[in-house]
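Taken in order, these protein sequences are the chains called B and G. Under this note's numbering, the residues of the first sequence are numbered 1 to 421, in order. Under this note's numbering, the residues of the second sequence are numbered 1 to 313, in order.
In short, the hints are calculated from the structure, not lab data. Errors might be hidden in some of the hints.
[Stated by the list, open to error] For lysine-lysine, the following DSSO-like pairs were computed, each having C-alpha atoms within a straight-line distance of at most 27 Å:
no. : chain 1 : residue 1 : chain 2 : residue 2
1   : B       : Lys412    : G       : Lys119
2   : G       : Lys119    : G       : Lys151
3   : G       : Lys238    : G       : Lys287
4   : B       : Lys413    : G       : Lys238
5   : B       : Lys51     : G       : Lys238
[Said to hold, decoys possible] Only some residues are given here: those of chain G computed to face chain B with a beta carbon under 7 Å:
no. : residue
6   : Asp26
7   : Val27
8   : Leu63
9   : Arg65
10  : Ala82
11  : Ala83
12  : Gln95
13  : Trp99
14  : Leu110
15  : Gln113
16  : Ala114
17  : Ala120
18  : Gly214
19  : Lys220
20  : Ala251
21  : Arg254
[Claimed, not checked] Stretch-level coverage of chain G by chain B, calculated; a stretch enters the list once three of its residues show a Cβ under 8 Å from a Cβ in chain B:
no. : segment
22  : 74-81
23  : 86-93
24  : 288-294
Ideal Cβ placement from N, Cα and C applies to all residues, glycine included.
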Amino acid sequence: MSTDTTTASELRMDPSSSRPPARRGNPWAPSLHGVGLMTSIELRRRRPTTKGYIFYGILFALVAAICILAAVFTQADRSSANFELVLILVLGVGMLIAPSLSATSINGDSGEGVLAPLQMSHLTAGDIAFGKVIASWLVSVIALVALSPFLIYTYLSSGWHLGEVAMTIGAILFTVLAFTAVGLAWSSLAARAVASVSLAHLTTGVFLIGTLVAFAIGGALVTEDTGERDRYIDYEQLTPDAQAALEEAYTTGDYSTLDAADYPCVDSEWAYTVTHTDQIAWILLLNPAVMVIETAPIVDPETWEKDGRAAPGTFALLHQQISDARLGPVEGEATRWVYDECDDLFGSGAEAAEMTEEEMEAQWAADEAAAAEREQQLANLPRNPWPALGVLAVLFLGSMTIVVRRLRVPYKKLRSGTRVA
Amino acid sequence: MTTTIEAEAPPYAAIAVQGVARSFGDVRAVDNATLTVPAGSVTALIGPNGCGKTTLMLMLAGLLRPDEGTISVAGHDPRTDAAAVRAAIGWMPDQLGSWDNLTCLQTLTLMGQAYRVNKADARARGEHLLGRVHLEEFAHRPARVLSRGQKQRLSLARALVHDPQVLLLDEPANGLDPRSRIELRDLVRELAGEGRAVLISSHVLAELDEMVDGAVFMSKGRTMGDEAAAMVAEARTKYRVDALDRDALIAALRSSSVPLEETDTGVILRIDGDDNAADALAWIVGKGVRVHRFGPVGSALEQTYMAMNEERR
Ligand SMILES: Nc1ncnc2c1ncn2[C@@H]1O[C@H](COP(=O)(O)OP(=O)(O)O)[C@@H](O)[C@H]1O
Ligand SMILES: [Mg+2]
Numbered sequence: 001m002s003t004d005t006t007t008a009s010e011l012r013m014d015p016s017s018s019r020p021p022a023r024r025g026n027p028w029a030p031s032l033h034g035v036g037l038m039t040s041i042e043l044r045r046r047r048p049t050t051k052g053y054i055f056y057g058i059l060f061a062l063v064a065a066i067c068i069l070a071a072v073f074t075q076a077d078r079s080s081a082n083f084e085l086v087l088i089l090v091l092g093v094g095m096l097i098a099p100s101l102s103a104t105s106i107n108g109d110s111g112e113g114v115l116a117p118l119q120m121s122h123l124t125a126g127d128i129a130f131g132k133v134i135a136s137w138l139v140s141v142i143a144l145v146a147l148s149p150f151l152i153y154t155y156l157s158s159g160w161h162l163g164e165v166a167m168t169i170g171a172i173l174f175t176v177l178a179f180t181a182v183g184l185a186w187s188s189l190a191a192r193a194v195a196s197v198s199l200a201h202l203t204t205g206v207f208l209i210g211t212l213v214a215f216a217i218g219g220a221l222v223t224e225d226t227g228e229r230d231r232y233i234d235y236e237q238l239t240p241d242a243q244a245a246l247e248e249a250y251t252t253g254d255y256s257t258l259d260a261a262d263y264p265c266v267d268s269e270w271a272y273t274v275t276h277t278d279q280i281a282w283i284l285l286l287n288p289a290v291m292v293i294e295t296a297p298i299v300d301p302e303t304w305e306k307d308g309r310a311a312p313g314t315f316a317l318l319h320q321q322i323s324d325a326r327l328g329p330v331e332g333e334a335t336r337w338v339y340d341e342c343d344d345l346f347g348s349g350a351e352a353a354e355m356t357e358e359e360m361e362a363q364w365a366a367d368e369a370a371a372a373e374r375e376q377q378l379a380n381l382p383r384n385p386w387p388a389l390g391v392l393a394v395l396f397l398g399s400m401t402i403v404v405r406r407l408r409v410p411y412k413k414l415r416s417g418t419r420v421a
Numbered sequence: 001m002t003t004t005i006e007a008e009a010p011p012y013a014a015i016a017v018q019g020v021a022r023s024f025g026d027v028r029a030v031d032n033a034t035l036t037v038p039a040g041s042v043t044a045l046i047g048p049n050g051c052g053k054t055t056l057m058l059m060l061a062g063l064l065r066p067d068e069g070t071i072s073v074a075g076h077d078p079r080t081d082a083a084a085v086r087a088a089i090g091w092m093p094d095q096l097g098s099w100d101n102l103t104c105l106q107t108l109t110l111m112g113q114a115y116r117v118n119k120a121d122a123r124a125r126g127e128h129l130l131g132r133v134h135l136e137e138f139a140h141r142p143a144r145v146l147s148r149g150q151k152q153r154l155s156l157a158r159a160l161v162h163d164p165q166v167l168l169l170d171e172p173a174n175g176l177d178p179r180s181r182i183e184l185r186d187l188v189r190e191l192a193g194e195g196r197a198v199l200i201s202s203h204v205l206a207e208l209d210e211m212v213d214g215a216v217f218m219s220k221g222r223t224m225g226d227e228a229a230a231m232v233a234e235a236r237t238k239y240r241v242d243a244l245d246r247d248a249l250i251a252a253l254r255s256s257s258v259p260l261e262e263t264d265t266g267v268i269l270r271i272d273g274d275d276n277a278a279d280a281l282a283w284i285v286g287k288g289v290r291v292h293r294f295g296p297v298g299s300a301l302e303q304t305y306m307a308m309n310e311e312r313r
């Protein structure tokens, strides 16, 4: 049985064999077939164990309990609060599960010795990277599907339109996808799963909480002092007679009997600060949760009923807060009336003090109108999810670039402290 | 039989390695490796733990970039055509890894699909390979229930899903029971018979002896070239002869001034080839010596391995 086989093409193992197509170079780009296959491999092999199912079951029960409690304790009329709560839970669960899974995906596989055989196959680095990120991300999509009964039920009374729901859920899923990719990148960089999982959650924390902290700290930098002076009558120096006369005047409201000379005035200076949040609102806008809120529909505090909406819910109120930060302090608010007791009693203010009931009511109405106008302005300020969306897109693409580069073989450098196999 | 095959035509060198080196930090895992593996033959890679066998195989497989030297696998250069190199190779790693909750057949089918074989073909091939490594009864059981030796065989089957021309087997006999070792030996010979080039690293030298056509010895990251080959060839000419009357045997040989090495029970002679061995036995028996044992001395590879390690000391 001597073989005079000298060319590779003649080699055949058995009739049932089919040689894979020839390849050239060292491609890395993902392909539809490769990504699909890798995703299905990952989903099958990461099927939860019994313990995993128990964990997911508890998580689901917890979330379901929150939803049911919220539904029970809110009044029956139109309200978007519950729907928004479910959306936040979907975001929270997604951000918790998907990055945890992806963060053990590469170093875990490599430790188990199942990564290198895949790298040997026709799957490219891109196939493996995108297959893994999609498989982990799909788990949070499954969580969304599991919560969909609550989502649909609360949606019915939320006053949201279907297109708006799709947009916000899209934003949530994109956020989860970006952080899943970040988790995967950490797992391609760190040798140990503990390290990559903590780094993944740390990154999530930096964006969710760190931006709020940075916003608060940044607030101190854009705060300026505006001096405010008050003037009071110096009670310490009043003669008992003058004091009695003043008390009398306060009860009658007739100050004309008092002699200004009897009442010495003191100045007191207060530090009064204005924070120009408009200069640092962009930090707030980088927060993914803020971004999700910023994709929610605008609810006008005046016309919501006519518009067929529910009363401004959590998201709408938070949008007002965010808008308040974006717009900064009201122009001219720094000239808030300085309290001057002496002037009120004896100067030009004396007339103001004698405002009639109608005049005072008009004044209040004007104040109220100004506040309502401000609220209108805040509520209707165009939404701005773009900074966070941009950052998430950069995170996603950057992470995937890292992963693809780290998965390409032949390796030049290994993750320190690891072997190929 | 393991006689060196006289090549009529220059054999197609499926693997050609020249002066390859690779360091990890300041550990020089492979210092200078040079070897060729012709198509249709089995070459052993032998050396003590940590001498760089796995690292060399990783570089051949296109998983690790060499610092120096040139490699050609199935006519492709891993520096420019790493994908072609990987596609030509069936690699059985020394680290056992399997997808625990997938069945053996699913594993092989998915792996075949990863090589772009369509699903039906990949499944058929998976079934065929499970038969070849005697794991048919585990086809539909999850890989986690397999014993170490069975995982080893699944790993070998996995290396064959894409019908590769070159096989790199990293310590495939580890953890195999004696019967499986013999089956492995036969399978490896069969695979070489189909025209594949096989490079196999192992510690079980006695087993290797009967399946390899050539051997490459490695020590401290270096391949020992011709001197080791000469030592193996020399070791293969050694015959042990034991007689009931040891002194009579020695006297008979001495009288004809045959060079010999004395042992406790007889002598060791150098005989080149089967014909000469038959003649030598007939001659000794003709001298009236009652020979009760006549045959090659143990494992040639083991002798060489031991001799080399002695040299190192
Ligand atoms: N990834 C790695 N990082 C650091 N050192 C390594 C790595 N891989 C191998 N080595 C070292 O290189 C040497 C050769 O290792 P290896 O090729 O695994 O030996 P063998 O397979 O012959 O037992 C050993 O000293 C080992 O410690
Ligand atoms: Mg090894």
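Going through the hints against the structure:
| no. | hint | in the structure |
| --- | --- | --- |
| 1 | Lys412/B x Lys119/G | violated, 34 Å |
| 2 | Lys119/G x Lys151/G | holds, 23 Å |
| 3 | Lys238/G x Lys287/G | holds, 21 Å |
| 4 | Lys413/B x Lys238/G | violated, 46 Å |
| 5 | Lys51/B x Lys238/G | violated, 62 Å |
| 6 | Asp26 | violated, 13 Å |
| 7 | Val27 | violated, 12 Å |
| 8 | Leu63 | holds, 5 Å |
| 9 | Arg65 | holds, 4 Å |
| 10 | Ala82 | holds, 4 Å |
| 11 | Ala83 | holds, 4 Å |
| 12 | Gln95 | holds, 4 Å |
| 13 | Trp99 | holds, 4 Å |
| 14 | Leu110 | holds, 5 Å |
| 15 | Gln113 | holds, 6 Å |
| 16 | Ala114 | holds, 4 Å |
| 17 | Ala120 | violated, 10 Å |
| 18 | Gly214 | violated, 16 Å |
| 19 | Lys220 | violated, 19 Å |
| 20 | Ala251 | violated, 44 Å |
| 21 | Arg254 | violated, 42 Å |
| 22 | 74-81 | holds (count 5) |
| 23 | 86-93 | holds (count 6) |
| 24 | 288-294 | violated (count 0) |
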